[in-house]
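Colleague: The primary structure of each chain is shown beneath.
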Amino acid sequence: MTQLQEYASKIEELARELGLDYYPVDFNVTPSSFMIEIAAYGLPVRMPHWSFGVRYIHQLVRQSMGHSKIFEVMFPGNPCYAYLMDTNTVAENSLVTAHVVGHADFAKNNQLFARYHRMAGGNIVEKAAAHAHRIESAVSEFGLQTVEATLDAALALEAHVDIDQEMHRERYPERGTEAGQVPADMFHERFNRLPGEREPQQAPRQAPRLPVPPRPEYDLLWFIAQYAPELEQWERDVFLAVREESMYFYPVFACQIMNEGWASYWHARLLREADFLPHNLYLSALKSHSDVVRPFASNQNTALAINPYHLGFSIWEHLVQTQGMEKAREICRDEDDFGFIRNYLDRDLAEKLKLFVFEADADGEIRVAGRDINQLREAILAPKFNYGAPRIAVSELRHDGTLVLAHDNAGDGRGLDLDRAARVLQYIQRVWRRPVRLHTVDEFGRNRELAA
Amino acid sequence: MDPLDPAAPRTRIAAETPWYELFSRGARDWLRHNDKVREAVTGNLPELLSGSDILTQPTGRTVLVPVKLLEHSRFRLREAQTRTGAGQGQGEPGDVLRPAQQHGEDAGEGQGGTGEGELTFVLELKVDDILDWLWEELKLPDLKPRTSANMQDDELVREGWDKRGPRARLDRRRTVKEAVKRRAIQYREDRKEIPFTNDDLRFRQLVRRQRPAVNAVVMFGLDVSGSMGEAERKLAKTFFFFALHGLRRQYANVEPVFLAHSVEAWEFPEDQFFQVSGSGGTVSSSLFSLAIETLNARFDPSRYNAYLFYASDGENASEDQEPAAAAMERLAGRLNYAGYAEIGVTGSRLRQTPLGALFTDLQGRGFPAAMATIARQDDVWRAIRTFFSEQAEATA
Numbered sequence: 000m001t002q003l004q005e006y007a008s009k010i011e012e013l014a015r016e017l018g019l020d021y022y023p024v025d026f027n028v029t030p031s032s033f034m035i036e037i038a039a040y041g042l043p044v045r046m047p048h049w050s051f052g053v054r055y056i057h058q059l060v061r062q063s064m065g066h067s068k069i070f071e072v073m074f075p076g077n078p079c080y081a082y083l084m085d086t087n088t089v090a091e092n093s094l095v096t097a098h099v100v101g102h103a104d105f106a107k108n109n110q111l112f113a114r115y116h117r118m119a120g121g122n123i124v125e126k127a128a129a130h131a132h133r134i135e136s137a138v139s140e141f142g143l144q145t146v147e148a149t150l151d152a153a154l155a156l157e158a159h160v161d162i163d164q165e166m167h168r169e170r171y172p173e174r175g176t177e178a179g180q181v182p183a184d185m186f187h188e189r190f191n192r193l194p195g196e197r198e199p200q201q202a203p204r205q206a207p208r209l210p211v212p213p214r215p216e217y218d219l220l221w222f223i224a225q226y227a228p229e230l231e232q233w234e235r236d237v238f239l240a241v242r243e244e245s246m247y248f249y250p251v252f253a254c255q256i257m258n259e260g261w262a263s264y265w266h267a268r269l270l271r272e273a274d275f276l277p278h279n280l281y282l283s284a285l286k287s288h289s290d291v292v293r294p295f296a297s298n299q300n301t302a303l304a305i306n307p308y309h310l311g312f313s314i315w316e317h318l319v320q321t322q323g324m325e326k327a328r329e330i331c332r333d334e335d336d337f338g339f340i341r342n343y344l345d346r347d348l349a350e351k352l353k354l355f356v357f358e359a360d361a362d363g364e365i366r367v368a369g370r371d372i373n374q375l376r377e378a379i380l381a382p383k384f385n386y387g388a389p390r391i392a393v394s395e396l397r398h399d400g401t402l403v404l405a406h407d408n409a410g411d412g413r414g415l416d417l418d419r420a421a422r423v424l425q426y427i428q429r430v431w432r433r434p435v436r437l438h439t440v441d442e443f444g445r446n447r448e449l450a451a
Numbered sequence: 000m001d002p003l004d005p006a007a008p009r010t011r012i013a014a015e016t017p018w019y020e021l022f023s024r025g026a027r028d029w030l031r032h033n034d035k036v037r038e039a040v041t042g043n044l045p046e047l048l049s050g051s052d053i054l055t056q057p058t059g060r061t062v063l064v065p066v067k068l069l070e071h072s073r074f075r076l077r078e079a080q081t082r083t084g085a086g087q088g089q090g091e092p093g094d095v096l097r098p099a100q101q102h103g104e105d106a107g108e109g110q111g112g113t114g115e116g117e118l119t120f121v122l123e124l125k126v127d128d129i130l131d132w133l134w135e136e137l138k139l140p141d142l143k144p145r146t147s148a149n150m151q152d153d154e155l156v157r158e159g160w161d162k163r164g165p166r167a168r169l170d171r172r173r174t175v176k177e178a179v180k181r182r183a184i185q186y187r188e189d190r191k192e193i194p195f196t197n198d199d200l201r202f203r204q205l206v207r208r209q210r211p212a213v214n215a216v217v218m219f220g221l222d223v224s225g226s227m228g229e230a231e232r233k234l235a236k237t238f239f240f241f242a243l244h245g246l247r248r249q250y251a252n253v254e255p256v257f258l259a260h261s262v263e264a265w266e267f268p269e270d271q272f273f274q275v276s277g278s279g280g281t282v283s284s285s286l287f288s289l290a291i292e293t294l295n296a297r298f299d300p301s302r303y304n305a306y307l308f309y310a311s312d313g314e315n316a317s318e319d320q321e322p323a324a325a326a327m328e329r330l331a332g333r334l335n336y337a338g339y340a341e342i343g344v345t346g347s348r349l350r351q352t353p354l355g356a357l358f359t360d361l362q363g364r365g366f367p368a369a370m371a372t373i374a375r376q377d378d379v380w381r382a383i384r385t386f387f388s389e390q391a392e393a394t395a
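Same order as they appear, the protein sequences are chains A and B.
FYI, the numbering for the first sequence is 0 to 451, going by numbering that gives the first Met the number 0.
FYI, the numbering for the second sequence is 0 to 395, going by numbering that gives the first Met the number 0.
Chain A extracted, bound-state conformation (with noise of 0.2 Å):
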């Protein structure tokens, strides 16, 4: 038994004692090029595509240059796998064994995480190799190219799902209930179904037929696979690989605030409280934590970024010195970094963290724009909104087979990026094969149509 094997297992009894409940974790020690590999697709095997090799390569340039350094990767599941890195000291593994179980308590409890896990299983490392697999040999039945235009059209729409659908999930219904009468959206089409709200009727025999999509349809990954006319079923595939890929990273990304937050409060407490470990150990564990959650660079006394480690770590702290450890996990249990943020970050802790809004011009001036805290809440969430991507859905299929798709540039506040909306729309023809078309706004608040 290896030093650090002995301490991970002497910490995992100790988190236990601490009321800590997680699924198994299967730690693995693997060498650095391993690691980029995993920091770079995401999961330990993953699909291939060129897109990989450029992420590979900053992270292989950032590695070598010092700029990061990677303690751990984690996938929840049953069993969680976690990876640590064969380079870092006995002191540094110990310290991401705590943080590890920490994660791995958060997201057998978080709630966002639990429905996940439901609905995708608790698997996806092994999913997500069988996905590599059948797309290889996708590749050597039908040729690189082929399958690399399904993958540019795919993995570019990755952040395209509809978060609050079900991993599988049926056609639409061909046929209304009552003429004209189309839910709003899903939320008032699950509303009418609650019992008592409305009396069950028979749907009448000659229904009207509905559209496709019956309302504007924002999880595009789905829709494609079901409704593009002329795709191969290799191809949905691909496109339910992504998709599936893409629902379980989800919550990881949703909760990144609360769950870094979480781990770091409960490495810092498990290391404090493990008497088992040598003083010295204890000491270079704990000057990584103070890496890892400070809120700026080293001799730097602002920073135009927070680091998610550090302000959830802040909030857990203090959420838990105020209000116990019992409310902590109820906060843990149901919310996700909108609410935490929203509900937790008040006003007091972030004048304490120094927190502020800054407004950065195309010329490159950037100042201090106010410590609003509303302000100061939606500049930290802005970019997790819509899972960071436009608001874009399928709002006709025509029948001619074109896909007629619109930008929410109003709910956005502004147009796409129309260079790049063009490229992509190029990946979705290739494999819709027939006319697509994009509405949004240029920079004067004009109509655009872009074509494929």
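Mixed in with the good hints, there may be bad ones.
Listed below are the simulated SDA-like cross-link pairs for lysine to any residue, each with C-alpha atoms no more than 25 Å apart in a straight line [to be verified]:
hint, chain 1, residue 1, chain 2, residue 2
1, B, 35, A, 148
2, B, 35, A, 147
3, A, 351, A, 361
4, A, 107, A, 417
5, B, 35, A, 135
6, A, 383, B, 83
7, B, 67, A, 383
8, A, 353, B, 72
9, B, 35, A, 140
10, B, 35, A, 72
11, A, 107, A, 143
12, A, 353, B, 88
13, B, 35, A, 417
14, B, 67, A, 317
15, A, 351, B, 91
16, B, 35, A, 143
17, A, 286, B, 88
18, A, 353, B, 82
19, B, 35, A, 425
20, A, 383, B, 66
21, B, 233, B, 66
22, B, 35, A, 422
23, B, 67, A, 418
24, B, 180, B, 164
25, A, 383, A, 411
26, A, 351, B, 96
These are computed hints drawn from the structure, not numbers from a lab.
Place chain B on chain A using the hints.
Modeller: Coordinates of chain B only, in the frame set by chain A:
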């Protein structure tokens, strides 16, 4: 070619090596990215190569083209006029954390640097590949060497063996083979070694063959008078580079000759050629005369196809007009083809230049000559196309 090689993961292959150490998916996808860049590059070769960034390797067999990493596009919002974000640290509302960038141009670039597009790398392309592509894309015909009875070359080639011959041409390998064959069929009871006999000896034979001459001399003439500036020379250099490599496709042996002139003309070695700067007036006849002398002195017309590519801004001293025309006419008689590239960076000229008139006249009288104007890098390709397609017609 991968500038990042030193950072590549170390390989350690042992019995207990886990599977993921045996190959790198990241590296494989990175190579796939590079292939895509290469495809994209060949699709945009004229633009890329005409960019001023192209660097020629010392060996001249490859060129380096700086390229950006490909971006896998996603839907993104347009850059906002004013970007807001959350930060942490000291500062009162209104405090400037970073002043505006001074130079207007760089500000845009700096903003663009928020993504992952900051890395660039250098792609090495083989000149031969570029030319293959170019010939295909511009649909250029292959050059035809001028063939005539006296364009034949005698050479001695080996052909067959004989039992007699001078000792120096004894083919030992073949001789031993003969001996082995003979011994195999000669049975001797005492199994003693059978010695070599004179019958075993084989001598290589040579025959005299006639071979078409596939040598070419290409003479590059450059006007280095004061009016040819840095930009003009660069255009001329690009043009010469591709003209030379284009000829190399057709001839086994191309000998370039570099001639420069202002009032007088000199021959230069290649490495000094483009550094030469002269001043003063322009006397083109000096270059044409030097070209004739060089041809006569060193290149036997029966063995060499001769080409001239001449780059100038088109000006010539008025008193030299007649001597130049006469010299060029004499020279044209010796040439397979003469290409004149008029370099005019300062915009299109309405009037015909003296040298332009000279070459137009020459072409009109049926000499194998043509001219093209080069004002921008793009024009280099047009010029190459003009010369190589015209040349094929002229000798057809």
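Colleague: None of the hints should be skipped; say for each whether it holds.
Modeller: Taking the hints in turn, this is what the structure says about them:
1. Note on residue 35/B and residue 148/A: the hinted pairing holds, with a Cα-Cα distance of about 12 Å set against a maximum of 25 Å.
2. Between the alpha carbons of residue 35/B and residue 147/A the distance comes to roughly 11 Å, so the proposed pair stays at or under 25 Å and holds.
3. Only pairs whose Cα atoms come within 25 Å are accepted, and residue 351/A paired with residue 361/A is rejected, the gap being roughly 30 Å.
4. Simply put, residue 107/A and residue 417/A have alpha-carbon atoms about 41 Å apart, too far for the 25 Å limit, and the pair is violated.
5. Restraint check for residue 35/B and residue 135/A: the C-alpha separation of about 19 Å stays at or below 25 Å, so the hint holds.
6. With a C-alpha separation of about 14 Å, the suggested pairing of residue 383/A with residue 83/B holds against the 25 Å cut-off.
7. For the suggested pair residue 67/B and residue 383/A, the alpha carbons sit about 29 Å apart, so the restraint of at most 25 Å is broken.
8. A distance of roughly 36 Å separates the Cα atoms of residue 353/A and residue 72/B; the hinted pair therefore is violated under the 25 Å criterion.
9. Proximity of residue 35/B to residue 140/A is assessed by CA-CA distance (about 20 Å); at most 25 Å being required, the pair is judged to hold.
10. For the given pair, residue 35/B sits about 30 Å from residue 72/A by alpha-carbon distance, which is inconsistent with the 25 Å threshold.
11. Using a Cα cut-off of 25 Å, the hinted pair residue 107/A and residue 143/A is violated, with the two alpha carbons roughly 39 Å apart.
12. Among the hinted pairs, residue 353/A with residue 88/B is consistent with the structure: their alpha-carbon atoms are about 5 Å apart, no more than 25 Å.
13. About 23 Å separates the Cα atoms of residue 35/B and residue 417/A, which keeps this hinted pair within 25 Å; it holds.
14. The straight-line distance between the Cα atoms of residue 67/B and residue 317/A is roughly 46 Å, outside the 25 Å bound, and the hint therefore fails.
15. For the proposed pair residue 351/A and residue 91/B, the alpha carbon gap of about 14 Å is at most 25 Å, so the pair holds.
16. A C-alpha spacing of about 12 Å is found between residue 35/B and residue 143/A, which places the hinted pair at or below 25 Å, so the restraint holds.
17. This hinted pair checks out: residue 286/A and residue 88/B have alpha carbons roughly 21 Å apart, not beyond 25 Å.
18. Of the pairs offered as hints, the one joining residue 353/A and residue 82/B holds, with about 20 Å between alpha carbons and a cut-off of 25 Å not exceeded.
19. Distance restraint check for residue 35/B and residue 425/A: the Cα-Cα separation of roughly 16 Å lies within the 25 Å cut-off, and the hinted pair is therefore satisfied.
20. For the hint linking residue 383/A to residue 66/B, the alpha-carbon distance of about 32 Å lies beyond 25 Å, and the restraint is violated.
21. The hinted pair formed by residue 233/B and residue 66/B meets the criterion: a straight-line CA distance of about 21 Å does not exceed 25 Å.
22. Taken as a hint, the residue 35/B and residue 422/A pair is honoured in the structure, with Cα atoms around 16 Å apart against an allowance of 25 Å.
23. Of the pairs offered as hints, the one joining residue 67/B and residue 418/A holds, with about 16 Å between alpha carbons and a cut-off of 25 Å not exceeded.
24. For the hint pairing residue 180/B with residue 164/B, the CA-to-CA distance comes to about 21 Å; that is within 25 Å, so the pair holds.
25. About 12 Å separates the Cα atoms of residue 383/A and residue 411/A, which keeps this hinted pair within 25 Å; it holds.
26. Our distance criterion of 25 Å between C-alpha atoms is met by residue 351/A and residue 96/B, whose separation comes to about 20 Å.
In this structure, the earlier hints numbered 3, 4, 7, 8, 10, 11, 14, 20 are contradicted, and the remaining ones agree with it.
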